[in-house]
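A.B. asks: For what it's worth, the numbering used here labels the leading residue of the sequence shown as 162, then goes sequentially.
Keep in mind that the hints are not guaranteed to be accurate.
Listed next, with one range per pair, are the computed distances between beta-carbon atoms [unchecked claim]:
id: 1; residue 1: ASP172; residue 2: ARG196; range: 16 to 24 Å
id: 2; residue 1: GLN245; residue 2: VAL211; range: 35 to 43 Å
id: 3; residue 1: CYS391; residue 2: THR247; range: 53 to 61 Å
id: 4; residue 1: GLU385; residue 2: ASN254; range: 35 to 43 Å
id: 5; residue 1: PHE259; residue 2: PRO350; range: 51 to 59 Å
id: 6; residue 1: SER302; residue 2: GLN226; range: 28 to 36 Å
Keep in mind that the hints were calculated from the coordinates and are not lab data. By construction, the Cβ of each residue, glycine as well, lies at the ideal position given by its N, Cα and C atoms.
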Amino acid sequence: MTDNLGVDGSDKIPIVADTFCAQQNYSRPGSNAARVLLLPVGKTYNSFDVAAPKVTPDKIPMKGQQYDLTEQAKVTLPFHCFLQPTDQSSLDNIREPFLTVSRLIAWYVEGVWVNDTNGAFTRETVLKYGVSQTQHESMASSVGVEVSASYGIELASTSISLNYQSTQSSSASFTEYSEKKVTETINVPPHNATVLFSKNVWMKGARATGAVVIHSMEIGANDEVYYGGCEL
Numbered sequence: 162m163t164d165n166l167g168v169d170g171s172d173k174i175p176i177v178a179d180t181f182c183a184q185q186n187y188s189r190p191g192s193n194a195a196r197v198l199l200l201p202v203g204k205t206y207n208s209f210d211v212a213a214p215k216v217t218p219d220k221i222p223m224k225g226q227q228y229d230l231t232e233q234a235k236v237t238l239p240f241h242c243f244l245q246p247t248d249q250s251s252l253d254n255i256r257e258p259f260l261t262v263s264r265l266i267a268w269y270v271e272g273v274w275v276n277d278t279n280g281a282f283t284r285e286t287v288l289k290y291g292v293s294q295t296q297h298e299s300m301a302s303s304v305g306v307e308v309s310a311s312y313g314i315e316l317a318s319t320s321i322s323l324n325y326q327s328t329q330s331s332s333a334s335f336t337e338y339s340e341k342k343v344t345e346t347i348n349v350p351p352h353n354a355t356v357l358f359s360k361n362v363w364m365k366g367a368r369a370t371g372a373v374v375i376h377s378m379e380i381g382a383n384d385e386v387y388y389g390g391c392e393l
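Input sequences plus hints: build the corresponding full structure.
C.D. replies: This is how it looks when you write it as structure tokens:
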């Protein structure tokens, strides 16, 4: 079943319902008795076309600030699709039997350099992109979702792809999840401020109401950076 879905995923996700067929003898039932529920889960992907923030002398941001946080996609399924049916935390919160995995994106301030002198200066900063092994393992163990450059987003226990719901098109690449480091060189003219922006992605797992966040993972999505600045 999962092989038929492929890495692109589908608008119908197989759900193991843990139901049984009873009979009065020990003969093997026919294979036509086996059924897997296909749950319709559509695509509601929101592209992020927001321009980078404007930098002015009276609006110089601080490192770590976020702008225009946007929810791009989310998938809500019964908790046992993500975690084991015996997961104690989920059973303790059975009044909320569904989990939601969402993808959010925002402009993120990687660095701010203010030069109020008569001479220019140069700085270097290292940007980290993609999903580290530690992040991968933490997301898989706490939420039951794996994120990788090879397969995108999928359910950890069944390898069922969630890429249909989490990407804009079926031809999407998952290289944004590939771990790497890039060194950026920043030249700051005299009496100027320079701000380095990047697009960061957050993968979040929460109870369906969103009140309880189980785990959140921040990713430097790609090496698409934007330099903003202004005269002081």
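A.B. asks: All hints are to be evaluated individually against the structure, with a verdict given for each.
C.D. replies: We went through each hint and held it up to the structure:
Between ASP172 and ARG196 the beta carbon distance is about 19 Å. The supplied range of 16 to 24 Å therefore holds. At roughly 39 Å, the beta-carbon separation of GLN245 and VAL211 lies within the given 35 to 43 Å, and the hint holds. Judged by the Cβ atoms, the range 53 to 61 Å given for CYS391 and THR247 holds: they are separated by roughly 57 Å. As the Cβ distance of GLU385 to ASN254 is approximately 38 Å, the hint placing it in 35 to 43 Å holds.
Roughly 53 Å separates the CB atoms of PHE259 and PRO350, a value that falls within the hinted 51 to 59 Å. Remark: the range hint 28 to 36 Å for SER302 to GLN226 is upheld by a beta-carbon distance near 30 Å.
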